[in-house]
Amino acid sequence: MKYTICVTQRCNLRCKYCYIYNQSSTMPISVAEKIVDFIFKRTPSEENIYIGYFGGEPLLEFELIKKITKIIEDHPSFERDRVELSIVTNGTIYSEEIARFVSEHGIVFGISCDGPKFVHDQSRCFPNGRGSSDVVEMNIRQAREDFPSLMVNAVYHPRTFRHLFEVVDYFSSLGVVNIYLNPDFTARWTKREAEELPGIYDLISDKYIDFYLEGKPHFISLIDSKIAVILRGGYKPLERCRMGNGEFAFAPSGNIYLCERLIGADEGNMHCIGNVVSGFSIDRVCGNRKSTTGGNRECKDCGINDYCMNWCGCSNFFSSGEYDRVGPFLCASERAAINSAYRVIQTLEEKMGAVFSDHLAGSPSVNSYYPKLLR
Amino acid sequence: MGGVIIDGRVLARTPRWVWWIGLPADFWLTEIPGIEKAIEKLKLKPVSKEHAASFATMSIPVEGESRPLALRKPHFPGGIRVAHLHFRDDLFLLNEEQWKEFSGQMLRDFQKKLGSVKSVNFEQFIEVSEAINSLA
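Chains A and B are the protein sequences, given in the same order.
Heads up: the first sequence begins at 6 in my numbering, then just goes up one per residue.
Heads up: the second sequence begins at 36 in my numbering, then just goes up one per residue.
None of these hints come from the bench; they were simulated from the model.
Careful, some of the hints might be misleading.
Said to hold, decoys possible - Straight-line C-alpha distance at most 16 Å; calculated EDC-like pairs for lysine to aspartate or glutamate:
no.	chain 1	residue 1	chain 2	residue 2
1	B	K135	A	E78
2	B	K153	A	E78
3	B	K148	A	E78
4	A	K39	A	E78
5	B	K153	A	D311
6	A	K356	B	E131
Unchecked claim - To give an idea of the interface, some chain A residues facing chain B are shown, with a C-beta separation under 7 Å as derived from the structure:
no.	residue
7	R135
8	D139
9	S362
The beta carbon of each residue, even a glycine, is placed where N, CA and C say it ideally should be.
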């Protein structure tokens, strides 16, 4: 089960594509206690619990995160092997104290950064309009020292996607080998831009191949996730979005959402399905997932339907206004990514043998942490 | 899970939610018939229980490294760093040829499916969206 706790909606940046409204609300500790209880009560005993601290900028509320972590770890149902915590920060706040806390509590740590300065500063700015890249780069360098498995998450949109190749190179130059690339689904992508995707993703896959051949493999989500899916014969039920069943997000108010991307302004939000104090609203739980079109006909007949992320409810909503209706950009992006990954498997297995055997189960990102084992 | 220990330092856990959305699927449970077929076809023999258990502490000497590297990193999902299959309670190791045969089948299945790809059309999508909006 995946849970996201939006500890605050405050943020010190004003990113142009942010889907969380910047406002002063911060989670009261009494609400956090209810959420932790909700999490342990709602999760079937055979399932692991993944809890992500989110914002706004979550590290603006570092003291609150420390308190919530203590509540989680002190809970009678807490088992260390079953619970995984994570923080994704905008990278503007970092300190030795934060690093120590993250390390001591075994928290997965990720920084959002869109790439080199000329890309990053197009969207990720302070309220005065100044880009945040200088401070973020400095903190990535330090965090990379503290956490060799540091994850970075880059968002690309129509103004920056042509630079994706340089984005990967930039992270690699900082020593980051765990790279997540995510398109901005709220952007208006044109047909012409979608048609450029195969060439751009192929450039990334060429880079991916070079990294392997040089003996320093990187995890690149766009490629690695599709390699794993191809070798496994498609996404399996637990891998698909389980919004509202296996996935919940909590706003600072305690309101419950299907996914953190849908919290928006919180108040009066159509995606809200209840509150952690008052409980679920059955009408909203059911009504929210009603489909008017029954999804895309094209997907039902598509050969690579099982390999496609057309199940991602929030991406679909941002593209089409419905959770189960895929937009043409996602379709184009998935086709391009799947083809690029297939090319990577063919090329590397031909040259290096069984390099992707560990993509069959578990996490393909292991490759990027212990590259020397692949020699 | 717990923190990963490298050079005596406890580091953050590896990100297990690798797909951003979704969890790693348990391939060994979802593909039981296919795995059984592969084990028969490749005539694989299970590794003895004692041998399999010792993987947790086993290491491989690597050129240029002062000490051998662990075959199975504790707490790292993805497990054993050589091609293998799990079936029921047994573990089967695959050599290069056997892996090629096994993954080759998955790739052949995939290749067939690539032949019938459909796409969501930009123009048609806009028309449908406008029709839905007019009903709202």
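Going through the hints against the structure:
A hinted pair counts as satisfied when its Cα atoms are at most 16 Å apart, and K135(B) with E78(A) does not qualify at roughly 45 Å. Straight-line distance between C-alpha atoms of K153(B) and E78(A) comes to about 48 Å, which puts the hinted pair past the 16 Å bound. Between K148(B) and E78(A) the CA atoms are separated by roughly 46 Å; this puts the pair beyond 16 Å, and the hint is violated. A C-alpha spacing of about 14 Å is found between K39(A) and E78(A), which places the hinted pair at or below 16 Å, so the restraint holds.
Our distance criterion of 16 Å between C-alpha atoms is met by K153(B) and D311(A), whose separation comes to about 13 Å. Between K356(A) and E131(B) the alpha-carbon distance is near 12 Å, which keeps this suggested pair within the 16 Å criterion. The interface hint given for R135(A) is violated, since its Cβ lies 29 Å from the closest Cβ of chain B, which is over the 7 Å cut-off. The beta carbon of D139(A) is not positioned within 7 Å of any beta carbon in chain B (closest approach about 24 Å), and the interface hint is therefore violated.
The interface hint given for S362(A) is met, as the beta carbon of that residue sits about 4 Å from the closest beta carbon of chain B, less than 7 Å.
This entry does not satisfy hints 1, 2, 3, 7, 8, going by the numbered hints stated previously.
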